[in-house]
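According to mature numbering (1 follows the signal peptide of the UniProt record, and there is no 0), the sequence shown holds residues -20 to -1, 1 to 614 in order.
The hints are simulated quantities; they were obtained by calculation from the structure and are not laboratory data.
Just so you know, not all the hints are guaranteed correct.
As the list claims (entries may be wrong) - The calculated BS3-like cross-link candidates involving lysine-lysine, where the alpha carbons are at most 27 Å apart (straight line), are:
(1) Lys275 x Lys180
(2) Lys229 x Lys171
(3) Lys357 x Lys41
(4) Lys89 x Lys76
(5) Lys185 x Lys95
(6) Lys275 x Lys95
(7) Lys80 x Lys95
(8) Lys95 x Lys26
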Amino acid sequence: MYGLVGLTLTCGVLAPGAQAAADAVPGTSTTPAATTEPQATTPVAKAEAEQSASSKARATKQPVPVPELTTETDTVTALPDGTMSLKRTVAPARTKKTGKWVDLDPTLKPSTDGKVRPISTTDDLVLGGGGDNMLASMTTGGRTLTLTWPTTLPRPVLDGAGALYPGVLPDVDLKVTAAEQGGFAHTLIVKTPDAARNPKLATLKLGTAGTGLTVAPEAGGALVAKDADGSRVFAAPVPQMWDSRTTAKTSTARTANAAPSAADVGEVPASELASTAQRPGARATHADLRTSVDKGSVTLSADTGLLTSPDTVFPVYIDPSWSRPAAMWGWVQSAYETTPGYGRTDYQPGIGYQRWRDRVGIERSFFRVSVDGLAGKDVLSASFNVKQVDSAMFSCTDSPQPVSLKAVSDTLTTSTNWNNQPSGASEWASGSFPGSNADAHCAPRLLDFSITDQIAARTHWSSVTFGLFGNETQSTSNNGFKRVSRTAADTFLSVSYNTPPNPPTNLRTDPAPVNGSGANNCGYIGRLNPDVGRLRLMADRNDLDGDDGDVWFALNEMNQGGREVWNSGWTSWGANGATANADVPSTNSSPAAPTAGASRAATADANPAGPTAATSPSTAPSPPSPASPAPTTP
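Starting from the given sequences, assemble the full structure and let the hints guide the process.
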């Protein structure tokens, strides 16, 4: 009789092409715009969806989307090497319409009921089609806010996300611009000085009606629509107005925190110079509007000094906007210390030192991204990506400018401004990037930051808040200023991951142990069958990704302190779900004194070890990494 030599069945799976997967750039596959597949909501359903897509990807040697895992922010793709690629946007990038996921698209189209609607937005938005006084209606979660115009509106002219209502007052047009999240901006375009003197323009009263909502004022002239619980459902930042000036006012001092002198301003990029209905130009004169709220209406009072000043350059733009507050990103400016950047429509979020506008200063952008659902995953690579849409540096290739990605405190809100911005910045990654500038014909480009180790160590977190910090040196030689996109699909986390396999099951030997007793209950290996002449170690396994792979078995003699007497090295397991086995050479199955032993097995996938299964406690060592040498014999 042979005493049971303590068995350590250590089984590991090494997915084919795992190293190539770790080096691949995740999130580059194409996901269909719509799918009718059911949503996977439980861990089991998600694992089954991943396994099915992974099997197809390996069979076809092509990336395969996993539509069951698609959400407003997420797309997941199975890659041929057995890994998964996740692309997670900071803000919702798609919505469901008639059971299908569609990408957000604020392009406006006429509806059969005579109204105007965007193709797809996160929240429902309806604009007036003319012929009555309806301006816009926003709906989220069964709560609706409707705004009406003082008079009947003309039929709008549609252009992309914009609806232009001409002649709402003499020489005054109204442009309404839809946002992809379901908000909108309504901008009056005042074309002439005579139009600016119209008393109906100085004080404009809009009707409000809310289903489950009440409109109220906030500090500084901002507006909010709250539900019965007092929660902010829709919000409007302090409305602004600006003119079309493109030259500096010699009598106007430039201001900023620790700003340079008035002469230390540098050349203004053409892309920053012109005013539009969306934002003021760098030299534009601008002012805030006053607001007041009555039952069923809000009143907007324009700055009459700006409207009637001889220095004003027309057209003048008057721009209130509404959106649903969601603290997924923020933008702060030292030149506007108490003004929240969220909800601002005047420019895209900035990074670094801005030195051209009427008020110069440092700008920073912040983003909160979820890491929920990554717990238990092996993160092979991760990067944070944001699209640069404009820059002070004209060159498309030369003189790349620095940007740092820093983890900051999770204090981001829709009220975040320069004075209460997130703190505790810790740099996670940095890089230098060339320009993106329409004036120099430089296309937008992704700013990508590798953060694999940091995300891998924080998969148990719910979210991470990042800050983008540029060159903040305040001088005319600083051309590091950049602007980034506020479009949801342009800011995202990419993660390539692998799901560790389940612990192995049904650990056993042939011959089987006999006469087990006590806490360990391992028994002893009986006399070997002389016709077989070997001891076979066996275990079953199942990989959630459906990967095939390799296996490691080891034999330990427990009455020698768990001394390893033999191991198989990493050898092919074969197909997922199969039984793995390894034959111990007879020279390593020598008689031993009866002793309590243990058998255990561990699986691994794409290199890292997975959970361990054991028949009883064991002091045997863990298996080496899959890069270990061939089997050894002591």
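Violated hints - listed by number, lowest first: Number 8 only.
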